[in-house]
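Enquirer: What follows is each chain in one-letter form.
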Amino acid sequence: MTGGRDGQAARWLDAQLHLLDRQVLDVHGVPMAVVDDLELSDVPVGQRIPVDAPPPVITALLSGPVLATRIFGGRPPDSRMQRTPWTAVVEVGVVIKLAVDQDTRDVAWTERWVRDHIIGRIPGGRHIPEREPNDHPENDERGGS
Amino acid sequence: MKRILGVALGILTAIGGFLDIGDMVTNAVVGSRFGLSLAWVVVVGVIGICVFAQMSGRVAAVSGRATFELIRERLGPRAAVLNLGASFMINLMTLTAEIGGVALALQLVSSVSYLLWVPFAALAVWLVIWRVKFSVMENVAGLVGLCLIGFAVALFLLNPDWGELGRQALPGASTSTEKVSTYWFYAVALFGAAMTPYEVFFFSSGAVEEGWTTKDLTRSRANVLVGFPLGGLLSLAIAGCAAVVLLPQLISVTALSQVMLPVALAGGKMLIALIILGIVAATAGAALETTLSAGYTIAQFLGWPWGKFRPPAQAARFHLLMIICLIVGIGTLMTGVDPIQVTEISVVFSAVALPLTYLPILIVANDPEYLGEHVNGHALNGIALIYLVIILAAALAAIPLLIITGAGQ
Amino acid sequence: MIISDFLGSRVYGQDFLGFVSDVRFMLESGSVSQEAQFYGIIVSPHARSSSLGFERSGVRSPWPIAALVRWRHRGSFLVRWGDIELLDIDRIQLRPGFERGSPELR
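Residue numbers (the numbering used here), protein chains in the order written: chain V, 1 to 145; chain G, 1 to 409; chain P, 1 to 106.
Incorrect hints may have been included.
Claimed, not checked - If the Cβ cut is set under 10 Å, some of the chain P residues that face chain V in the computed set are:
hint : residue
1    : 6
2    : 14
3    : 29
4    : 33
5    : 38
6    : 82
7    : 93
Keep in mind the hints are simulated off the structure, nothing from the lab. Virtual Cβ for every residue (Gly too), placed ideally from N, Cα, C.
Taking the hints into account, I'd like the entire structure generated from these sequences.
Expert: Structural data, given as structure tokens:
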């Protein structure tokens, strides 16, 4: 089931099945992060919900340092998780594609830091490799697409 | 020529998986102690890796995603973390041993001490990862590694009693002075060596590096069906040489020079030179495969950009991680640890990590969301399920056998 | 609120019913340019973990694994947002007379 144009049938997304732990690609098709959690809006916690209350919606995808918490339990505090607003999502399929460039997002700061301070300084670090002889043009977004 | 080079990925994966320094020595040890009575394990292992590598190659070609990314998505992070931890430790131990192996082989041809070669070997491996194009790397390492065919040549030149070798290979042949538990320990070790997880991670990531798509499914199959059986045959040739020369004299194998003794007897200097070239290429290939696998698994699990097809600056953490692994490898070797012993232990741990790796691959290969119409057929699922049972048995038996036999003493 | 606060929570009607094994969202027109609304929860009487999607997407191979996972998640049902009375950390209370829906994904 792929996303359709407006006016098409409703589509269901299950959190664990379709969204959590999925790869997120930025607008250039470069892997950016993994979806570790989802942020929901207006959830009435601990109180009776009125019968006609509107359902919450997903406001953002969250990524953060969850390695230890996934193994042992608990989760990192909200301030340590990085948000990607739902409005930036362009496609949800095998991977989740965004409309933003990762260089503008905090979530990719470690990649930028290592690039600018370590790898970028080694000779040849920014060298663009030749294309493989077998490459098909549709592969420009591989390695995550 | 292009058709031959087209299967270089499969050949390199197999060489790095079956014919790295640890496996070469293990094959020679097995030949010198058990003759060819463990040959059936190699056959079983080759079929197993063919089945699963074919699946992971198909998944990579059709979905454009490498295996470890899909393990996290389908099984969730907890199961993937276990797999990651085990795989990463094995990768680290193996790459350390392979750098040591390259240094050992270079020591054989020069009079320069092994410890001095270690940093050079690591630096050479890093330079290839940093700058050499993936296809050039696999073609050179794969094809030069095939010089190990010298062992098969040596086996023929030694004019062995083929009937005797055949008799040893049949099930039910007596294993003379060795204990049953030792026999099964080496069976598990050989099986673990044939089906080491990093082979599948490297093969599927390599498929993505090369840009395979649905049009390349035949090519993927060819890579698997040429590479792994070839690796298995060469493993058997090494064991066969040891069986013919070392077994009758009860010579035990503890060093690389003893692995080459049958070749020296068979063909003299020319063949030895060919073999050493093959050993250097195969261990270097294994070092490249394990270092890249360490990078691939961590980067794919954590969602980092990865791949030699990107400029290093666009896969910065991926490259930094591999640099750190190589430095740790150098440091470990400089403490004087024997690289061959390191791989022999890591092979046993490979056997333990096998179920965590192959179950997810089987699940993903059946998922129409990733593969569309190219999901597994019933026959393939049947064989794969049988192998999962074998893999589970090997995983459960590995550590107890390791303890009981004292690592095969 | 964060979704991992919900997953694995205990679900109660009159008695204990099960655990939240997943949360379902709906895109009304099928496009992600819209909001993804909370549609309902999948309640699994016996298992806290995810079912790897086997019991919902109709994928049945490889059969021993699919069968095992389906057995662990037997009796799973869907409860819509409208039937949820109270949401708390690790405890969800359903309204009396809630409907059990099929968890199958259409």
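Enquirer: Each hint needs a verdict: does it hold in this structure or not?
Expert: The hints, checked one at a time:
{"no.": "1", "hint": "6", "verdict": "holds, 8 Å"}
{"no.": "2", "hint": "14", "verdict": "violated, 17 Å"}
{"no.": "3", "hint": "29", "verdict": "holds, 5 Å"}
{"no.": "4", "hint": "33", "verdict": "holds, 8 Å"}
{"no.": "5", "hint": "38", "verdict": "holds, 4 Å"}
{"no.": "6", "hint": "82", "verdict": "holds, 7 Å"}
{"no.": "7", "hint": "93", "verdict": "holds, 9 Å"}
Hint 2 from the list above is the single one not met by this structure.
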